[in-house]
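Undergrad: Chain order of the listed sequences is A and B. In case it helps, this note's numbering puts the first sequence at residues 3 to 691. In case it helps, this note's numbering puts the second sequence at residues 29 to 144.
In case anyone wonders, no lab produced these hints; they're calculated from the structure. Any given hint could turn out to be false.
Claimed, not checked - For lysine to aspartate or glutamate, the following EDC-like pairs were computed, each having C-alpha atoms within a straight-line distance of at most 16 Å: (1) A:K593 - A:D604; (2) B:K112 - A:E302; (3) B:K137 - B:E48; (4) A:K593 - A:E564; (5) B:K70 - B:E56; (6) A:K633 - A:D679; (7) B:K112 - A:E303; (8) A:K658 - A:D467; (9) A:K593 - B:E48; (10) A:K334 - A:E285; (11) B:K100 - B:E48; (12) A:K591 - B:E118; (13) B:K132 - B:E37; (14) A:K633 - B:E80; (15) A:K581 - A:D679; (16) A:K615 - A:E588; (17) A:K591 - A:E613; (18) A:K138 - A:E68; (19) A:K565 - A:D679; (20) B:K112 - A:E651; (21) A:K394 - A:E448; (22) A:K591 - B:D124; (23) B:K112 - A:E639; (24) A:K593 - B:E56; (25) A:K585 - A:E638; (26) B:K33 - B:E56; (27) A:K7 - A:E68; (28) A:K334 - A:E284; (29) A:K230 - A:D244; (30) A:K603 - B:E56.
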Amino acid sequence: MLKNKAIIRLAFFGAAIAWLILLFSEITILFSSLKGLPPDVAVWLPRVMLGVYIVCLFYYYKFRIELDDSLNFTDLLWKVFATGLITTVISLVFRLLLFLLGKTALATNLIFNDIICQINLALLVNFLVAALTSWKRLILYQKSKWLLRSWALFEVIMLVVLLNDSLGIALSQYTSLFINIAIGILVLVLSANMRWVAYLNFRQKWTSLLLLLLTFFYLAYFFYTVEKSTELINEKTQAFLDYRAQLIVLVLFWFIVIYGIFSFLVILFNLPTSSVFEQKLEEVVNFQRISQSIQTEQDEESVYNILLESSVSSVFADAAWLEITGANNDRKMFTYRVTEQESKNIVDHLEKNNIKGVLDAGSEKTKNLSKHLAAMRGSRFRSILAFPIIVKEETIGTLALLKELPEGFNKEMTRIVSAFANQAGISIENFRLMEEAFQNARYKEELKIAKTVQQSLLPNRLEEDPGFQIAAFSASADEVGGDYYDTLRINDHLVALIIADVSGKGTTAAFHMSQMKGIFHSLAQQHMDPKEFMQRANQALVYCLERRSFISASYFIIDTQEKIIRYSRAGHCPVLYLKAGEKESEFLKDKGAALGMIRSKDYCNYVETNELKYAPGDIMVLFTDGITETKDSKGEEFGNEGLAAALNEMTTATAKEIEQNIIKRLYEFSGTKNLDDDYTLMTVKFTNN
Amino acid sequence: MVSIKRLQEGGTDIIAVIGEIDASSSIELDLAIAKSVGEGFKRILVDCQALEYISSAGLGVFMSYIEELREKKIQMVLYGLKEKVANTFEILGLADLLHIRDNKSEALKLANELSV
């Protein structure tokens, strides 16, 4: 940045020095020529200095205007205008001075006139170079490679012309004509680049026209002033810097004028259509608003509002309504300059005339229903355009646009609004997908919590007794299940066992499981008959289980003194029992409905207490249906047979070993490590004590 | 996946359940029974000949209607249960709470007897 500033200052300083040298050498030469003396300075000095002056100015404006990205098109024109204004004011001051001097000797002094003339020329050149830089930016807006090359060529030619002028090489008539024609063609080609005009809005166009007009005025003024004074001096002497001999000045001048005129005309002719361009731009912006409404954390409602607004402004509708049928069949109405009653009248009218249009939500076609509306009395609207809003191939609503003019909509408008409606549909679909994803994430989080809860409900430690060995295992799939097992010591020779399976999965299952745990811990302590335990548990659960939920459970009381098991089965998988010394185990099938199955006092008729005398070496395996329902790759179930077989081959093993064998066999059978259910096993082996 | 078809035969509603009933498809079963009850049928037969599997959620549906059917004096009879499915009903103790028969004619007979 600092470097740029330094260059700007240097260029300005260079231009000033060059011009001062130009002026003094010019005066010296003129003075000498008037006195008939050979000049003290070289005659080429003013020409060369003019060249240096132009180059310095070129760099000065290059850094001032061309490299300043903050300038827009009108700013550029403004820069040109401002430069013109300053130079003109300065020039006018001199003119005023000249006027005040009147017919005095000084006013008619040739040298004084020449000074004025040179000042004006310098001001003109300054103005031209400033304009050149601005034009360059305008021409090179949205540049192509080819355009860049053309411009580079133009700059090179100008440099050649400049050098030629400075060196004062006289060209033959044909050569200069050829050069003039070449430059003329190049200027015309470059002047055809007017893309920037399209990006001006209506106001900017007017501003630009005004600025250009004033620019022309300055140019005309300068041209007149410089031309006149040059003529004046030319009459007296040839020994001065005649701008007409400086081709570069003419090239610059004509380039500025031609491009200026082109721009002026193009802007002028573009004036009537500028609203179309602005309209298109607005459509794009509206489109973006609809599609970006998700990122800006807006809701469906705002999408509908934006849709209505954008559609109305895009087709210049006089009124519009948007009717949305929500998920629960609730209708939402968004209106613009039309009452709900009016819209209802129109819908009724169309229905009455049996017009199958988009207004009934079933149709998916966009229709221009204007001709039907023409026959409707008492309505100010004569044109209607209706569109369906489709989300996931389902029409969720209708957008209707109205105009008071007959045949007010054309194909173009239909296309635009149709695109809006589609985009709105997509946005809404995205909204819903996002909502779903959000819900899913929350559900997963809930499951995680439920799983932690479930894990914490299972006992850390099982009740130990010298009378039996006990082992338990529980594993669950990603989804939370409702398997529960627990033990509790009632007194020194009584131990209670429970295994239960809550129907359903997820948080509710975990919740019911915790209720079961509470019931077990409070009831088991009171040492009641297993049947009574089930009855009371059922009674307690009636009030908290959902309509379709139930809990299957088996409750055992092991009496190590009497060597008796008293148990009750409530809809749970029958217990697997292997008597010591026997090879085949059996399932103890007996009566019992699950808890919550019957929610009245009648439950006592569906549950019973069973008694079993056990001997040392007997093995009892409690399990949940996840074990027996495990499937292999062919879809066969592990079944009661598989479980019994896994026990039968381990008759003399300890409880822990038996459990491990069953788990091993189960995994071998399923052939996978991925669980898709809950597995719970509790193995008890009675000992001699 | 489950497919449920309803068929009326002389004032008896027959609900045919085809496929597997798990937690998600149990809703369809619930809906079918609710419709049948809502339409005022006094005899409902559930054809389970093509029912391959029923989860605890599906059993929960049958369970949830026991009270209501008793109050409204609607007779529901299930028939044609496969062994595995019947076993599931058996273990849970639902077999004692619901009327279950081997085939359609027996089921129809029972429904007619009970509704008298």
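Undergrad: Please go over all the hints and tell whether each is borne out by the structure.
TA: Evaluation of the provided hints:
| no. | hint | verdict |
| --- | --- | --- |
| 1 | A:K593 - A:D604 | holds (14 Å) |
| 2 | B:K112 - A:E302 | violated (50 Å) |
| 3 | B:K137 - B:E48 | violated (27 Å) |
| 4 | A:K593 - A:E564 | violated (24 Å) |
| 5 | B:K70 - B:E56 | violated (20 Å) |
| 6 | A:K633 - A:D679 | holds (11 Å) |
| 7 | B:K112 - A:E303 | violated (52 Å) |
| 8 | A:K658 - A:D467 | holds (15 Å) |
| 9 | A:K593 - B:E48 | violated (26 Å) |
| 10 | A:K334 - A:E285 | violated (25 Å) |
| 11 | B:K100 - B:E48 | violated (29 Å) |
| 12 | A:K591 - B:E118 | holds (10 Å) |
| 13 | B:K132 - B:E37 | holds (12 Å) |
| 14 | A:K633 - B:E80 | holds (14 Å) |
| 15 | A:K581 - A:D679 | violated (30 Å) |
| 16 | A:K615 - A:E588 | holds (15 Å) |
| 17 | A:K591 - A:E613 | holds (13 Å) |
| 18 | A:K138 - A:E68 | holds (8 Å) |
| 19 | A:K565 - A:D679 | violated (35 Å) |
| 20 | B:K112 - A:E651 | violated (26 Å) |
| 21 | A:K394 - A:E448 | violated (28 Å) |
| 22 | A:K591 - B:D124 | holds (14 Å) |
| 23 | B:K112 - A:E639 | holds (11 Å) |
| 24 | A:K593 - B:E56 | violated (30 Å) |
| 25 | A:K585 - A:E638 | violated (25 Å) |
| 26 | B:K33 - B:E56 | holds (11 Å) |
| 27 | A:K7 - A:E68 | holds (14 Å) |
| 28 | A:K334 - A:E284 | violated (27 Å) |
| 29 | A:K230 - A:D244 | holds (12 Å) |
| 30 | A:K603 - B:E56 | violated (31 Å) |
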